[in-house]
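This is what each chain is made of:
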Amino acid sequence: MTRFVLGRLAWMAAILLGVSLVAFMLMRAIPGDFAIAAAGSQSVGPEVLAAIRRDLGLDQPLLAQYLSWLGHALMGDFGSSFVTRQPVLGELASRLAVTFQLTSLAAIIAAVMGVATGLAAARLRGATDWLVRLWNGLMLAVPNYVVATLIVLLFGLYFPEITVLGYTPFLENPLANLGSLLLPAFALALAVSVTVAENTRAAVLEVANQDFVMVARAKGLKPGTILRDYLMRNALTPVITAAGLKIAALLGGSILVETIFAIPGMGQYLFDSINSRDYPVIQAIVLVAAGIVVLVNTVIDIAYARIDARVQM
Amino acid sequence: MQENLSAAVAAAPGRRKAGITQGWLLLGLGLAMLAAMLVLTIFAPLVAPYDPSATSPDSLAPASAAHWLGTDSIGRDVLSRLIVGGRTTLLITVTAVLIALVAGLILGLAAGYLGGFVDEIIMRVLDVVFAFPVLLLAIAVVAALGPTVPNLILTIAIVYTPAMARVVRAPVLSVKQWDHVEAARSVGMSEMRLVLRHILPIVVSPILVATSLTLSQTIFTVTALSFLGLGPPPPDPNWGGMLSEARQFMELAPLTVVGPAAAIVFATLTFIIIANGLREVLDVGSVR
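The listed protein sequences correspond, in order, to chains A and B.
Going by our numbering, the first sequence opens with residue 1, and the numbers climb by one from there.
Going by our numbering, the second sequence opens with residue 1001, and the numbers climb by one from there.
Do not rely on the hints blindly, as some may be mistaken.
[Stated by the list, open to error] Here are the simulated distance ranges between beta carbons:
no.	chain 1	residue 1	chain 2	residue 2	range
1	B	L1252	A	F4	58 to 68 Å
2	B	I1121	A	Y304	26 to 36 Å
3	B	A1065	A	Q86	35 to 45 Å
4	B	D1051	A	P160	33 to 43 Å
Bear in mind the hints are in silico, worked out from the structure with no lab data behind them.
Beta carbons: idealized from backbone N, C-alpha and C, even for Gly.
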């Protein structure tokens, strides 16, 4: 087990190194002069540009620049925004907290909706199964930003008195905070709940055919007991894994959904930074978001190996 | 899926047959939808009732006989923009996926067939690309390179190549151990011919399914990029950009949003239906 964990961690470190290299190179690949982008205007004198080059270390060799940038990033120093001239870290941390709240809520909604519909489809079969699968098939084709836009449209048309855009900080009003995140989280959760539902359905159907369930039924155990202790327990492992792997989809989707619902999270921050060509911020967000995904995937791998002894082979 | 052996033996032939019939139906439906979409977009300038960029004082008009889907905030015909916009959206999608397909095929075949050191290098590099959330990587690359049609195509191709390569590599790894491949090699068949004659055919089925699934995901990524302002530059319309522009006045003219939304869903659904049909017809297990 220790060997497996250490192997996964070393692997994670290697991937993160590659990810950081990609994040660094991307921002050096921008067309035009990086120093002009940093100055924020074309009409600065050559001596100002030279000073900016020196400040940002652009006169150094590329490898030295990368190592210095990586070293600072590891210490939490992502440089300063080209727009606000403030350190990126402070803003990023508060934005990340909002996105974390949104994606967690979305994950909970997706899990509840997915397990409920998947279970209903597998146990009730017939028309319910058919309806759930039709719904799932359809929802798979509706992107989260379309769902979000249509939600905003419907509320605008039929419930204009309800504000759906904007965000209330948790410390200001916890209830209003939850309310302001509910619709965006739902928009984000819908597509993920489909995956969870399909996985739950498949897992329950598979477990229901196993001999030990037949034995349990033959022993005369109550259907409720069989469902809870036999079906759910065994069916949940693949469901949890699949849901965990959807973290990348949730993070990616939050970029769009936050922008639509005007929620000041990491996604909206990225959107604003792209429009203002604020490259240090884009770089930091790409690095942090990809880092989170790699980290979560590694944790899932390890947790899965702990739950299921077969994985270790 | 593991099932009781007796049940599986008893039910298998019937279920498989039903699956094939269902698969052909799905495939037919999907291909019909695709054909309709392609005809509309290829002949877009002939089919579109108006010039998609022509403005008129009749802005945010509701649906009427003259404008089936109404007009947008500067009086452009929504239906015409949808039809012409589909051109840009589908062109980027299909070209990018074809490039990803070819790149994935070459890398996957090389990694799976040659194995060893080559396999390690290729798969590790692809793993790094795979570590990024697709949309995030696409946003970063387009933001760095600049949103033009060639850059969008290149970006999407890069983002989806690792998944393609994985789909190709897995069957190649097992096929190359099979007896008929061993036999062909022992009679002195050249490596290139071996790959083309005996290995490529085996990966065709999973690749077809994976390609249509990737097409559906690419529709999402391309339109999402355009939605965020990283799409093809104006004035050429595209579905994601139309949806994004229309949000400002959508309560006054809901059709300006519902139109592109429906087009995006229709295109995505088309490729999902084709993928599911192919999966049943070709009897491919689940391809991720």
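Q) Which hints from the list above does the structure break, by number from lowest to highest? A) Those not satisfied come down to hint 3.
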